[in-house]
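Student: Please build the complex by placing chain B on the supplied structure of chain A, with the hints as guidance.
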Amino acid sequence: MKPKKVVCLCEDLTKEDLEDAVENGFGDLELLKRFTGVCTGPCQGKFCLTNVIQLLSEMKSTRPELISIPALRPPFRPTRLALLAGGAAEEQI
Amino acid sequence: MSCDKTRFARQIYSNEQGRRAENLLRLGKCLKDQRIYDHPYLKFNRERKTHFKFDGNEYDAYEGETVGAALVAAGVKTISRSAKYHRPRGFLCFMGRCPNCMAEVNGVPNVRICREKVSQEMIVRTQNVFLNSRVDLYSVLDKLDFAFPVGFQYKRFIRPRSLWPFYERMIRSVAGIGRLPMQLQGQRAKPFHTRLVEADIAVVGGGPAGISAAIAGAEMGARVALVDEGNQLGGHLRWNTDMVDSRSEFAGMRAFQVAKKLADHAVTFSNISIFAPAIAIGVFSEGILAAESSDGLVEIKPKRYLFATGCTDRLPIFENNDLPGIITKTSAQILMHLYGIKPGNEAAVYCSSDEGFVLASQLLDAAVRVNAVVDERKDASQSKMLDTVVSKDVPIYFNSKVFRASGRNRLNSIETSGEDGQEHEIRCDVLCFAVGRQPVCELAQQAGCELKYDPALESATAIHDEHMRSNLESYVAGEMLGTQPLSMMLLEGRLAGLSAALSLGLGDSARLREQADLTTDVSRNRRS
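Same order as they appear, the protein sequences are chains A and B. Letter by letter, the first sequence follows residues 81 to 173 of our numbering. Letter by letter, the second sequence follows residues 142 to 669 of our numbering.
Heads up, a few of these hints could be off.
Stated by the list, open to error - When the alpha-carbon atoms are kept at most 35 Å apart in a straight line, the in silico DSBU-like pairs for lysine-lysine are as follows:
{"#": "1", "chain 1": "B", "residue 1": "LYS442", "chain 2": "B", "residue 2": "LYS258"}
{"#": "2", "chain 1": "B", "residue 1": "LYS444", "chain 2": "A", "residue 2": "LYS85"}
{"#": "3", "chain 1": "A", "residue 1": "LYS85", "chain 2": "B", "residue 2": "LYS542"}
{"#": "4", "chain 1": "A", "residue 1": "LYS85", "chain 2": "B", "residue 2": "LYS194"}
{"#": "5", "chain 1": "B", "residue 1": "LYS525", "chain 2": "B", "residue 2": "LYS184"}
{"#": "6", "chain 1": "A", "residue 1": "LYS95", "chain 2": "B", "residue 2": "LYS444"}
{"#": "7", "chain 1": "A", "residue 1": "LYS82", "chain 2": "B", "residue 2": "LYS444"}
{"#": "8", "chain 1": "B", "residue 1": "LYS593", "chain 2": "A", "residue 2": "LYS85"}
{"#": "9", "chain 1": "A", "residue 1": "LYS85", "chain 2": "B", "residue 2": "LYS258"}
{"#": "10", "chain 1": "B", "residue 1": "LYS284", "chain 2": "B", "residue 2": "LYS194"}
{"#": "11", "chain 1": "B", "residue 1": "LYS442", "chain 2": "A", "residue 2": "LYS95"}
{"#": "12", "chain 1": "B", "residue 1": "LYS593", "chain 2": "A", "residue 2": "LYS95"}
{"#": "13", "chain 1": "A", "residue 1": "LYS85", "chain 2": "B", "residue 2": "LYS442"}
{"#": "14", "chain 1": "A", "residue 1": "LYS85", "chain 2": "B", "residue 2": "LYS190"}
{"#": "15", "chain 1": "B", "residue 1": "LYS444", "chain 2": "A", "residue 2": "LYS113"}
{"#": "16", "chain 1": "B", "residue 1": "LYS190", "chain 2": "B", "residue 2": "LYS284"}
{"#": "17", "chain 1": "A", "residue 1": "LYS82", "chain 2": "B", "residue 2": "LYS442"}
{"#": "18", "chain 1": "A", "residue 1": "LYS140", "chain 2": "A", "residue 2": "LYS85"}
{"#": "19", "chain 1": "B", "residue 1": "LYS284", "chain 2": "A", "residue 2": "LYS82"}
{"#": "20", "chain 1": "A", "residue 1": "LYS113", "chain 2": "B", "residue 2": "LYS284"}
{"#": "21", "chain 1": "B", "residue 1": "LYS258", "chain 2": "B", "residue 2": "LYS194"}
{"#": "22", "chain 1": "B", "residue 1": "LYS184", "chain 2": "A", "residue 2": "LYS85"}
{"#": "23", "chain 1": "A", "residue 1": "LYS140", "chain 2": "B", "residue 2": "LYS542"}
{"#": "24", "chain 1": "A", "residue 1": "LYS95", "chain 2": "B", "residue 2": "LYS184"}
{"#": "25", "chain 1": "B", "residue 1": "LYS194", "chain 2": "A", "residue 2": "LYS82"}
Keep in mind the hints are simulated off the structure, nothing from the lab.
The following block holds chain A by itself, in its conformation from the complex (with noise of 0.2 Å):
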């Protein structure tokens, strides 16, 4: 196992990964979002966006209440399509 820093579990992404994209101008949150693909995978940020969040600060020299929330979209947890797919819903209460 090669040592590494991992910050997002989901993507693989290495604290190094993170400053490169941040170094070639991927420096806004949301841009890094679509760039490295923080954020984005199965846990949707739970583990990563804080850290994420206070890197980018120290990485840009900026306080961490300027930098921009990315939209975390649903579902949050891995979800069955058969599920979603279930039918009409049938009233109760």
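Tutor: Structure of chain B alone, referenced to chain A:
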């Protein structure tokens, strides 16, 4: 590839020898058993045994245990491989939130095995590996990482076009997430049940704040739908054995007892419909909150949302921080206190608050050796918990950070560095970290709540006014705002529930006065 050792032994030896070999294997399994049989505060009911297969090997489990719990009990560390570099991964969060435990269960891909209950003859397989989770030939990609910089997927594999089908198959096998269940194709899958529930207030999260909010709403006559992912209500209190703080009405009780008490209280209200276990997966059009329950989808159409979704532990970043054996604090507590399983034999705790000391003493209660507590704080002499840990001869490293973890396929040791540059190597097979929290606010964000970075919490959370209202229809409360301790969570929950019900025109002037009192209480406590 499958190697069922027991059956293999039976086949190659004559009956007598086969039986002996089988017995030896069984003895080996017993010696490796990580289950806790003697705990000072908890009793675990283990009645009927069952067994299942993971990557071709057979494992025992007790009924009610999840696949993940049974694997930890059998000493299995590596359960999957990461998506890109195929690095070994183990259980991390044990609550179905991290990506590490997705596996194929009876042909269905991407099942989170830390939550999936064991059933007889279940077949669990690691997905996207060449061989199995322990030996994965694709892991050579970890060494070839220079060939796959971030963003490479946009440039490579496009030309020549004719080779794309080949590339696609390759990529799907290496980096995809699971395979489609082929044997189910053509068959008509059993349709899931969809229920539509109308409610006044939908409370997401059945922890202390959520329950207290639901009760406040229900007392005022609102129809409340309470959604929680656990088998029972109680949230994080269920897997904590610590004494609750003395300011709450439950002073002198242990957290898991409070959980039971709160849950029992919630059940007595006929106008609270409880959906547990059900995982809220999103807020969709027409304001429908969808939740996945065991028998189908629950669609809740509420007038007000109330989010009390809590927190996850934050992943510390150091070299090899993804090694199997590095787990969250919550995960260690769930394993020890819900399933009665030791997360490892020699533990280290990495913390930045008193939670680390609490966890260390809980690990000691479960007869796990604690080799070190690594504390990021300069000094914790104020801490009440310090004595408990020191009296058990646990070395504490203050003002230190973990900077490297090492091991082959499983954690072997960690290295820490203090402020004076002193480095220590600590042997451990499990590292539990409690270095900060990250609020779970995806659902709140979807319901239109604005998220803002909170410097005190060092993370983003939903903004709210003094009545816990986040936007016109949504209220927030509890640990997702960084609130601690228990007494505050209960207060906030009650205030949020009350405010939500008041905004629906329920309640009288007495309730308004209560709201005003609670508001001053909450803001005073927050300042202190």
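Student: Give a verdict on every hint.
Tutor: The hints, checked one at a time:
For the given pair, LYS442/B sits about 30 Å from LYS258/B by alpha-carbon distance, which is consistent with the 35 Å threshold. Note on LYS444/B and LYS85/A: the hinted pairing is violated, with a Cα-Cα distance of about 44 Å set against a maximum of 35 Å. Taking the CA atoms of LYS85/A and LYS542/B, the gap is about 14 Å. The hint holds against a cut of 35 Å. A hinted pair counts as satisfied when its Cα atoms are at most 35 Å apart, and LYS85/A with LYS194/B qualifies at roughly 33 Å.
Restraint check for LYS525/B and LYS184/B: the C-alpha separation of about 27 Å stays at or below 35 Å, so the hint holds. For the hint pairing LYS95/A with LYS444/B, the CA-to-CA distance comes to about 43 Å; that exceeds 35 Å, so the pair is violated. Pair hint LYS82/A plus LYS444/B does not hold up; C-alpha atoms about 52 Å apart against a cutoff of 35 Å. The suggested pairing of LYS593/B with LYS85/A holds, with an alpha-carbon distance near 27 Å, which does not exceed 35 Å.
With a CA separation close to 33 Å, the supplied pair LYS85/A and LYS258/B stays within the 35 Å bound. At roughly 31 Å between alpha-carbon atoms, LYS284/B and LYS194/B fall within 35 Å of each other, so this suggested pair holds. As the CA atoms of LYS442/B and LYS95/A are separated by approximately 42 Å, the hinted pair breaks the 35 Å bound. Note on LYS593/B and LYS95/A: the hinted pairing holds, with a Cα-Cα distance of about 24 Å set against a maximum of 35 Å.
Under the criterion of a C-alpha separation no larger than 35 Å, the hint pairing LYS85/A with LYS442/B is inconsistent with the structure, at around 43 Å. Between the alpha carbons of LYS85/A and LYS190/B the distance comes to roughly 40 Å, so the proposed pair goes past 35 Å and is violated. Of the pairs offered as hints, the one joining LYS444/B and LYS113/A holds, with about 33 Å between alpha carbons and a cut-off of 35 Å not exceeded. Of the pairs offered as hints, the one joining LYS190/B and LYS284/B is violated, with about 42 Å between alpha carbons and a cut-off of 35 Å exceeded.
Simply put, LYS82/A and LYS442/B have alpha-carbon atoms about 49 Å apart, too far for the 35 Å limit, and the pair is violated. Pair hint LYS140/A plus LYS85/A holds up; C-alpha atoms about 19 Å apart against a cutoff of 35 Å. Restraint check for LYS284/B and LYS82/A: the C-alpha separation of about 6 Å stays at or below 35 Å, so the hint holds. Restraint check: the Cα-Cα separation between LYS113/A and LYS284/B comes to about 25 Å, which is no more than 35 Å; the hinted pair holds.
Between the alpha carbons of LYS258/B and LYS194/B the distance comes to roughly 13 Å, so the proposed pair stays at or under 35 Å and holds. Between LYS184/B and LYS85/A the CA atoms are separated by roughly 39 Å; this puts the pair beyond 35 Å, and the hint is violated. Distance check on the hinted pair: LYS140/A and LYS542/B sit about 23 Å apart at the alpha-carbon level, within 35 Å; holds. Of the pairs offered as hints, the one joining LYS95/A and LYS184/B is violated, with about 43 Å between alpha carbons and a cut-off of 35 Å exceeded.
For the suggested pair LYS194/B and LYS82/A, the alpha carbons sit about 30 Å apart, so the restraint of at most 35 Å is met.
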